[in-house]
Amino acid sequence: MSCKELVELVTDYLEEALPREERLQFEQHLSLCHGCVNYVEQMRVTVKTVGALHEESLPPEARSALLDAFRDWKKG
Amino acid sequence: MDSHPLRDPLAEQNEGELVAALRAGDEAAFASLVDRYHASLVRLARMYVRDPAVAEEVAQETWLGVLAGIDRFEGRSSLKTWLFRILTNRAKTRGERERRSVPFSSVTPDSDEPAVDPERFQGDAERYPGGWKESPQPWEGDPEERLLAGEVRALILDAIEQLPPNQRAVITLRDIEGFSSDETRNVLDVSETNQRVLLHRARSKVRRALEQYLGETE
Numbered sequence: 001m002s003c004k005e006l007v008e009l010v011t012d013y014l015e016e017a018l019p020r021e022e023r024l025q026f027e028q029h030l031s032l033c034h035g036c037v038n039y040v041e042q043m044r045v046t047v048k049t050v051g052a053l054h055e056e057s058l059p060p061e062a063r064s065a066l067l068d069a070f071r072d073w074k075k076g
Numbered sequence: 077m078d079s080h081p082l083r084d085p086l087a088e089q090n091e092g093e094l095v096a097a098l099r100a101g102d103e104a105a106f107a108s109l110v111d112r113y114h115a116s117l118v119r120l121a122r123m124y125v126r127d128p129a130v131a132e133e134v135a136q137e138t139w140l141g142v143l144a145g146i147d148r149f150e151g152r153s154s155l156k157t158w159l160f161r162i163l164t165n166r167a168k169t170r171g172e173r174e175r176r177s178v179p180f181s182s183v184t185p186d187s188d189e190p191a192v193d194p195e196r197f198q199g200d201a202e203r204y205p206g207g208w209k210e211s212p213q214p215w216e217g218d219p220e221e222r223l224l225a226g227e228v229r230a231l232i233l234d235a236i237e238q239l240p241p242n243q244r245a246v247i248t249l250r251d252i253e254g255f256s257s258d259e260t261r262n263v264l265d266v267s268e269t270n271q272r273v274l275l276h277r278a279r280s281k282v283r284r285a286l287e288q289y290l291g292e293t294e
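Chains as they are written, first to last, in the numbering used here: chain D, 1 to 76; chain Y, 77 to 294.
Careful: at least some of the hints might be erroneous.
What follows is a set of in silico ranges between Cβ atoms, one per label pair, in the way DEER data are often shown [as the list claims (entries may be wrong)]: (1) Y:Ala230 / D:Glu61: 17 to 25 Å; (2) Y:Asn270 / D:Glu27: 22 to 30 Å; (3) D:Arg23 / Y:Gly92: 33 to 41 Å; (4) D:Glu22 / Y:Ala129: 41 to 49 Å; (5) D:Val37 / Y:Gln288: 18 to 26 Å.
Result set (DMTMM-like, lysine to aspartate or glutamate): computed pairs, CA atoms no more than 20 Å apart in a straight line [stated by the list, open to error]: (6) Y:Lys281 / Y:Glu189; (7) D:Lys48 / Y:Glu133; (8) D:Lys48 / Y:Asp234.
Far from chain Y by the CB rule (all over 10 Å, computed), these chain D residues [unchecked claim]: (9) Pro19; (10) Glu21; (11) Glu22; (12) Arg23; (13) Glu27; (14) Gln28.
Just so you know, these hints were derived from the structure itself, not from any lab. Small disclaimer: the values here were computed from a predicted structure and weren't measured. Virtual Cβ for every residue (Gly too), placed ideally from N, Cα, C.
Just chain D, same shape as in the assembly (with noise of 0.2 Å):
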């Protein structure tokens, strides 16, 4: 396994989802790559990163719409 092709399975293996035998070749090739060990971090990170981002709050008056809209539903 090259690094150019381990680079396509991280998702696969992050996922647990690489067959067993691609998957010990992924781990071989990690034992001997730092390049791809530091590459896989960047992708753990990435992910970890992209769990942290905050929502935008929806425009003002949207949501007062919705707000009223609750109202009304909750009058019946």
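We have chain D; now place chain Y onto it with these hints.
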């Protein structure tokens, strides 16, 4: 996958209480849901409707759908899956009606897109074909912490914004919303394999954007 329990009103332990609060007309409960999920709903709607203003409308209609349906919600799926399914159903209908819908095949990935620029690997005539020309280096500092500065946050949102709609939808559900792959497949009607391919491409592009920003290799 983390499911962001601290800021997620739909964390499972709260779900029953939340449904009860909505049925009882608790405005704060409704507002917390809207604040938390509206942006993701809009982002996902854009997989089916191209016009951002229409996507915004579809998301707003989804909230009305939640109110209309909450009394009949039986908890067979999680509330979160239910919410996003209402959204995708409405967005599909809207997309078809306006004949702006992206063809059905758009849920499947397009042809190959390498995760990393092929130029970064050695060619066949070089010593290690397919090996890095220059190894990636560890990133300095912690981008997650630097998110607080706002700049990285904008950069990532921009990178996600530039993804094809199907990749944007998958990374939104999986990595922003913390959906499992099963939940994601359920919401998007996409196969396990395609879901993973889309996620891989989306994450790879966001990684590249972070790498460029962090200035390690460019």
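Each hint, compared with the structure:
The beta-carbon spacing between Y:Ala230 and D:Glu61, approximately 23 Å, falls within the hinted interval of 17 to 25 Å. Roughly 26 Å separates the CB atoms of Y:Asn270 and D:Glu27, a value that falls within the hinted 22 to 30 Å. The beta-carbon spacing between D:Arg23 and Y:Gly92, approximately 39 Å, falls within the hinted interval of 33 to 41 Å. Taking the beta carbon of each, D:Glu22 and Y:Ala129 are about 45 Å apart, inside 41 to 49 Å as hinted.
Distance hint for D:Val37 and Y:Gln288: a CB-CB separation of about 21 Å, consistent with the stated range 18 to 26 Å. Distance check on the hinted pair: Y:Lys281 and Y:Glu189 sit about 10 Å apart at the alpha-carbon level, within 20 Å; holds. At roughly 30 Å between alpha-carbon atoms, D:Lys48 and Y:Glu133 are farther apart than 20 Å, so this suggested pair is violated. Restraint check for D:Lys48 and Y:Asp234: the C-alpha separation of about 17 Å stays at or below 20 Å, so the hint holds.
Its beta-carbon lying about 13 Å from the closest one in chain Y, D:Pro19 satisfies the requirement of being farther than 10 Å from that chain. Every C-beta of chain Y lies more than 10 Å from that of D:Glu21, the closest at about 18 Å, which supports listing it as non-interface. Look at D:Glu22: its CB is around 14 Å from the nearest CB on chain Y, clear of 10 Å, so calling it non-interface holds up. Interface exclusion of D:Arg23 from chain Y stands, the closest Cβ pair being 15 Å apart, more than 10 Å.
For D:Glu27, the condition that its CB be more than 10 Å from all CB atoms of chain Y holds, with the nearest at approximately 17 Å. With a cut of 10 Å on Cβ distances, D:Gln28 stays outside the contact zone with chain Y, its closest approach being about 15 Å.
Checked against the numbered hints above, the structure violates only hint 7.
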